[in-house]
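2 protein chains.
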Amino acid sequence: MEVLKTLEDLQNIRKNIKGSVGFVPTMGALHNGHISLIKKAREENDIVIVSIFVNPTQFLPGEDLDAYPRKDEADKKICSMCKVDYIFMPEISTMYTKEEVLVKAPNNSYVLEGKTRPGHFDGVLQVVLKLFNLVQPTNAYFGKKDAQQLSLIQQMVRNFFLPINIIPCEIVREEDGLAMSSRNVYLSAQQRSDAVLISKSLYMAGNLISKGERNSQVVKNKIYDVMSPLDVEYVAVVDRNFNEIETIEPKNTIILVVARFGNTRLLDNFWL
Amino acid sequence: MEVLKTLEDLQNIRKNIKGSVGFVPTMGALHNGHISLIKKAREENDIVIVSIFVNPTQFLPGEDLDAYPRKDEADKKICSMCKVDYIFMPEISTMYTKEEVLVKAPNNSYVLEGKTRPGHFDGVLQVVLKLFNLVQPTNAYFGKKDAQQLSLIQQMVRNFFLPINIIPCEIVREEDGLAMSSRNVYLSAQQRSDAVLISKSLYMAGNLISKGERNSQVVKNKIYDVMSPLDVEYVAVVDRNFNEIETIEPKNTIILVVARFGNTRLLDNFWL
Chain A
26 MEVLKTLEDL QNIRKNIKGS VGFVPTMGAL HNGHISLIKK AREENDIVIV SIFVNPTQFL
86 PGEDLDAYPR KDEADKKICS MCKVDYIFMP EISTMYTKEE VLVKAPNNSY VLEGKTRPGH
146 FDGVLQVVLK LFNLVQPTNA YFGKKDAQQL SLIQQMVRNF FLPINIIPCE IVREEDGLAM
206 SSRNVYLSAQ QRSDAVLISK SLYMAGNLIS KGERNSQVVK NKIYDVMSPL DVEYVAVVDR
266 NFNEIETIEP KNTIILVVAR FGNTRLLDNF WL
Chain B
26 MEVLKTLEDL QNIRKNIKGS VGFVPTMGAL HNGHISLIKK AREENDIVIV SIFVNPTQFL
86 PGEDLDAYPR KDEADKKICS MCKVDYIFMP EISTMYTKEE VLVKAPNNSY VLEGKTRPGH
146 FDGVLQVVLK LFNLVQPTNA YFGKKDAQQL SLIQQMVRNF FLPINIIPCE IVREEDGLAM
206 SSRNVYLSAQ QRSDAVLISK SLYMAGNLIS KGERNSQVVK NKIYDVMSPL DVEYVAVVDR
266 NFNEIETIEP KNTIILVVAR FGNTRLLDNF WL
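Which chain is which? The protein sequence lines are A and B, in order. Per the working numbering, residue 26 is the first one in the first sequence, and the count goes up by one each step. Per the working numbering, residue 26 is the first one in the second sequence, and the count goes up by one each step.
Careful: at least some of the hints might be erroneous.
It does not matter which identical chain is used: a pair holds within one copy or between any two.
[As the list claims (entries may be wrong)] Here are the simulated DSS-like pairs of lysine-lysine, each with C-alpha atoms no more than 25 angstroms apart in a straight line: (1) Lys123 to Lys276; (2) Lys236 to Lys276; (3) Lys247 to Lys169; (4) Lys129 to Lys140; (5) Lys225 to Lys129; (6) Lys108 to Lys96; (7) Lys108 to Lys65.
Hints are computed from structural coordinates only; laboratory data are not their basis. Just so it is clear, the structure is predicted and the values come from calculations on it, not from any experiment.
Working from the sequences, and respecting the hints, build out all of it.
Here it is, written out as structure tokens:
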């Protein structure tokens, strides 16, 4: 495994790769969710490249850019154990200059996460586009936990005609059901214990739907019930284009929940 | 020569090209300026692809999108004579969907053309990025007449790490000096005759500078003098980053002029 820091290093390596390239872009602090993406990339490609870059443009002023967990040495060990071929680990000054041509998320994406964090997705799309152009992957792997992000990246690939396959990957959970996230380390013991209600509420919703319930409001009420001890930011029932829907359509519905624990926002979701 | 209409046609052709690809993106109504780009592309590449697409997103409301000259059959003949390999001539619905991930020109680009036509460069960069990703050219050819556009495309290539060489090409002029433009057809006989003052003013400016003048204001005054019969929109002396400069620096200066003839804006410039 080789750690690449500069554009030139990455570009020189990329030029000489003949086979398929699997790419897993990350902000580091790798957990089992990331590992599942890397393992899938390893199975499906000749070469696997992981990027580790805490991207400043996707953090809003006042968010946790400085506090975001950095675990470079542990991350390298994890990548090495997962038989990653190359880690790309650039400096901010390698990725950005002062004034830049920008990427802007579609006007209709300013809902849910796009509403709570206006500009967040612009930064995500900007860095993902840069990384895609550098790495030129055959396949790129993203977790379903960041559902709206995944959807917007898929849309960017379609809109910009990028010759890349986006591979959505299942959410990986702790034993009690909590969706894995690098931000789970921010939780106190009490918050960590309360957080189980997030996934539990989705599990109960799934149960209701499997018994035939199709009314979004009834399902949302159930989720709010289960999460009532928590500070719930939103519960939404949307189609694959992130339009809210009143009637649940099997195979075209995502149920999204966000709960706050102090400054920490935890996302979870369930795809039908 | 083959005319390609769909994404699939272009993508299938592109997959099987092994050598270098020279790309000339145009809005059609080809004149000697375009022909010079195509000839250069022909000399320098194995395969030459020209796109003809009147891009709606770079026209502002009230601009000449509908009136913009369309000359598809003449354009095809010109391309054929210039030994172009493929013309890509998509429909609007092939290039765009309803809600899109957008490209946004840098915040400091809202000067000169960016100020007169806010949003214009967003549309230019959006379509050029789409075309670049489809055509995947080795070299892409742009005229210096649209100097700010050229500079922003070069910046997009740097910012997004696109593996493409941008080749700036000299302005081609009519015998009396008027810079070639598809919009010259809008001019009345009187306007066409008056328009010679635009290039003449730049020629006089060049003369002054070659005699040692370095004061931007003195040079601008000379240009305004020569163009005094015209409706001059702006005269600007800028560096290669389009920052206005008070002192002319050889090898890092562009002198830009825009004059209005009714609704028609004619651009010209001179690079030191």
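Hints versus structure:
1. Lys123 to Lys276: Answer is between; shortest inter-copy Cα gap is 23 angstroms, intra-copy 44 angstroms.
2. Lys236 to Lys276: For Lys236 and Lys276, the Cα distance is within 25 angstroms only inside one copy (16 angstroms; across copies 74 angstroms).
3. Lys247 to Lys169: within (22 angstroms within a copy, 63 angstroms between copies)
4. Lys129 to Lys140: both (14 angstroms within a copy, 20 angstroms between copies)
5. Lys225 to Lys129: neither (35 angstroms within a copy, 41 angstroms between copies)
6. Lys108 to Lys96: within (18 angstroms within a copy, 56 angstroms between copies)
7. Lys108 to Lys65: For Lys108 and Lys65, the Cα distance is within 25 angstroms only inside one copy (12 angstroms; across copies 46 angstroms).
In the structure shown, a violation is registered for the earlier hint numbered 5 alone.
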